[in-house]
Amino acid sequence: MRTVDYRLLDLGAARIAVTSQIPAFQAQLDFIYGHRDEAPVDGFADVRVALRPGSRWHVWGRQVDLWSEGLRPFEPYPLHSALPLFEWGSNWLLAQRLNAYLLLHAGVLARGDHALILPAAPGSGKSTLTCALHLAGWRFLSDEFGVVDPESGHVHPLLKPAALKNRSIDVIGSLPGTVLGPIFPKTRKGDVSHFVPSKASVADRHRTATPRLVIFPRFRDGAPLRSTPLSTAETAMRLGLNSFNYRSLGPVGFHAVARLARSVKACELEYGDLGAAIDHIEHLFVGFA
Amino acid sequence: MHLPHGPRAWMEAHCPSLDGQFLFLDPLWWDTHLLSGGAVEVLLEAAAAIEESRFDEFLGEIRAAGGWPPGLERLAHSLSSLGGGQDEGAV
Chain A
1 MRTVDYRLLD LGAARIAVTS QIPAFQAQLD FIYGHRDEAP VDGFADVRVA LRPGSRWHVW
61 GRQVDLWSEG LRPFEPYPLH SALPLFEWGS NWLLAQRLNA YLLLHAGVLA RGDHALILPA
121 APGSGKSTLT CALHLAGWRF LSDEFGVVDP ESGHVHPLLK PAALKNRSID VIGSLPGTVL
181 GPIFPKTRKG DVSHFVPSKA SVADRHRTAT PRLVIFPRFR DGAPLRSTPL STAETAMRLG
241 LNSFNYRSLG PVGFHAVARL ARSVKACELE YGDLGAAIDH IEHLFVGFA
Chain B
1 MHLPHGPRAW MEAHCPSLDG QFLFLDPLWW DTHLLSGGAV EVLLEAAAAI EESRFDEFLG
61 EIRAAGGWPP GLERLAHSLS SLGGGQDEGA V
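Each protein sequence line maps, in turn, to chains A and B. If you're matching positions, the first sequence starts at 1 in the numbering used here and goes up one per residue. If you're matching positions, the second sequence starts at 1 in the numbering used here and goes up one per residue.
Please keep in mind that the hints were generated in silico from the structure rather than gathered at the bench. By construction, the Cβ of each residue, glycine as well, lies at the ideal position given by its N, Cα and C atoms. Please note that a few of the clues may not be correct.
Label pairs and their in silico Cβ distance ranges [said to hold, decoys possible]:
no., chain 1, residue 1, chain 2, residue 2, range
1, A, 185, B, 70, 46 to 52 Å
2, A, 225, B, 61, 36 to 42 Å
3, B, 48, A, 19, 58 to 64 Å
4, A, 112, B, 13, 32 to 38 Å
5, B, 48, A, 42, 55 to 61 Å
6, B, 28, A, 263, 27 to 33 Å
7, A, 248, B, 81, 15 to 21 Å
8, A, 152, B, 61, 43 to 49 Å
9, A, 112, B, 37, 44 to 50 Å
10, B, 81, A, 35, 49 to 55 Å
11, B, 36, A, 5, 43 to 49 Å
12, A, 190, B, 56, 55 to 61 Å
So the derived list for chain A, only partly shown, Cβ under 8 Å to chain B, looks like this [claimed, not checked]:
no., residue
13, 231
14, 232
15, 233
16, 236
17, 237
18, 240
19, 247
20, 250
21, 251
22, 254
23, 258
24, 261
25, 265
Build the full structure now, drawing on both the sequences and the hints.
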């Protein structure tokens, strides 16, 4: 019997099985998911996907499809953009599946076992700030998912590369220590490149952290730094709004959000200068780590 | 997870005070509302009326008093979906 040769990526809070016969995609996957021992290929996966090339004779050029459990949930991408399709597609699938956790749309970092959560809407500069903090010495837990255990209140790492877009690629690319994958120009979200977290953070992908500080960041070009403390109730409401599955979880999500809001300091941070934002966050975190 | 039974028990479990404001989880739609202390008092009165099988009277009292504060009518009707107290849902 012929079997499909899946590769199992252990992200910490979840595992993804992926298969593809596209050599360039495999090489890119090797690069941005480096630093980790492969999990056993026959093990459990939360999400299972196949990236399959389309016909050579497609009118728009050769394309790639993402299949998951017999379904093709997205429109095809150009063949050379298999990696962005895999990253966005697997994020979407994870957001549908991981309902044992409260899933925030957030970057998460830690000093030791004390976590900083950065929930934000798309376009707020979350990924840029998350990567810059990581390069400044913070442990990287996630750029996309704040994975909160409703029972313990701890956050779990979900260690995928961060998808940097447009100007963020140059901003983060210019910082020492940055490791970026290839640039994919003119995707549906603009130019995209994937930031690779450090080997140490990958090794700690099963190490949970206790939330201490929640910052809702908002980058605005040229804006002076403005940090506004938030009440516990306002923090809870905003956490719910920045969650993938808050409403689906009902009372479980409600109590998880209320508990999280009660246990942290929280503020909204508008900034126009990345260095100033990092200095301010370090200042706010003094005493926790 | 054990879900509390009845409107008053729901209010107790799903309307916590956070720094003087209240979060309320709608038991029917599972959306969350930020409420003042005054709004919570109205919902507690509605919950009591539902459990004492006098919700219709309570609605009449609200009408007579000039109508519902903004947004609360839907929440009170959601509470009424939890039934009228300890006898409801008994098998």
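Tested hints:
1. Look at residue 185 of chain A against residue 70 of chain B: about 49 Å separates their beta carbons, and that is inside 46 to 52 Å.
2. As the Cβ distance of residue 225 of chain A to residue 61 of chain B is approximately 52 Å, the hint placing it in 36 to 42 Å is violated.
3. For residue 48 of chain B paired with residue 19 of chain A, a C-beta distance near 59 Å keeps the hint of 58 to 64 Å intact.
4. For residue 112 of chain A paired with residue 13 of chain B, a C-beta distance near 34 Å keeps the hint of 32 to 38 Å intact.
5. Between residue 48 of chain B and residue 42 of chain A the CB atoms are about 58 Å apart, so this pair conforms to the stated range of 55 to 61 Å.
6. Range check, residue 28 of chain B to residue 263 of chain A: about 29 Å between beta-carbon atoms, so the 27 to 33 Å window is met.
7. Under the hint 15 to 21 Å, the C-beta atoms of residue 248 of chain A and residue 81 of chain B, about 19 Å apart, fit the expected range.
8. Here the CB-CB span from residue 152 of chain A to residue 61 of chain B is close to 45 Å, well matched to the stated 43 to 49 Å.
9. Restraint check, residue 112 of chain A to residue 37 of chain B: a C-beta distance of roughly 39 Å breaks the suggested window 44 to 50 Å.
10. Checked against the hint of 49 to 55 Å, the pair residue 81 of chain B and residue 35 of chain A passes, with Cβ atoms roughly 51 Å apart.
11. Checked against the hint of 43 to 49 Å, the pair residue 36 of chain B and residue 5 of chain A fails, with Cβ atoms roughly 60 Å apart.
12. Checked against the hint of 55 to 61 Å, the pair residue 190 of chain A and residue 56 of chain B passes, with Cβ atoms roughly 58 Å apart.
13. The criterion of a C-beta within 8 Å of any C-beta in chain B is met by residue 231 of chain A, whose closest approach is roughly 5 Å, and the hint holds.
14. Because the closest C-beta pair between residue 232 of chain A and chain B is about 4 Å apart, less than 8 Å, the hint holds.
15. The beta carbon of residue 233 of chain A comes within 4 Å of a beta carbon in chain B, closer than 8 Å, and the hint placing it at the interface holds.
16. A distance limit of 8 Å between C-beta atoms decides the matter here; for residue 236 of chain A the minimum to chain B is near 6 Å, and the interface restraint holds.
17. Taken as an interface hint, residue 237 of chain A checks out: its beta carbon lies about 6 Å from the nearest beta carbon of chain B, inside 8 Å.
18. Against a cut-off of 8 Å between C-beta atoms, the interface hint on residue 240 of chain A holds, since the closest Cβ of chain B lies about 5 Å away.
19. About 5 Å separates the beta-carbon of residue 247 of chain A from the nearest beta-carbon of chain B, less than 8 Å, and the hint is met.
20. Interface hint at residue 250 of chain A: satisfied, since its Cβ lies 5 Å from the closest Cβ of chain B, which is below the 8 Å cut-off.
21. Hint on residue 251 of chain A holds. Least Cβ distance to chain B is approximately 6 Å, under the 8 Å limit.
22. The beta carbon of residue 254 of chain A is positioned within 8 Å of a beta carbon in chain B (closest approach about 4 Å), and the interface hint is therefore held.
23. Hint status for residue 258 of chain A: holds, given a least beta-carbon distance of 6 Å to chain B, under 8 Å.
24. A least Cβ separation of about 7 Å between residue 261 of chain A and chain B falls short of the 8 Å threshold, and the interface hint therefore holds.
25. Residue-level restraint check for residue 265 of chain A is violated (minimum Cβ-Cβ distance to chain B is 13 Å; threshold 8 Å).
In terms of the numbered hints stated before, the structure departs from hints 2, 9, 11 and 25, listed from lowest to highest.
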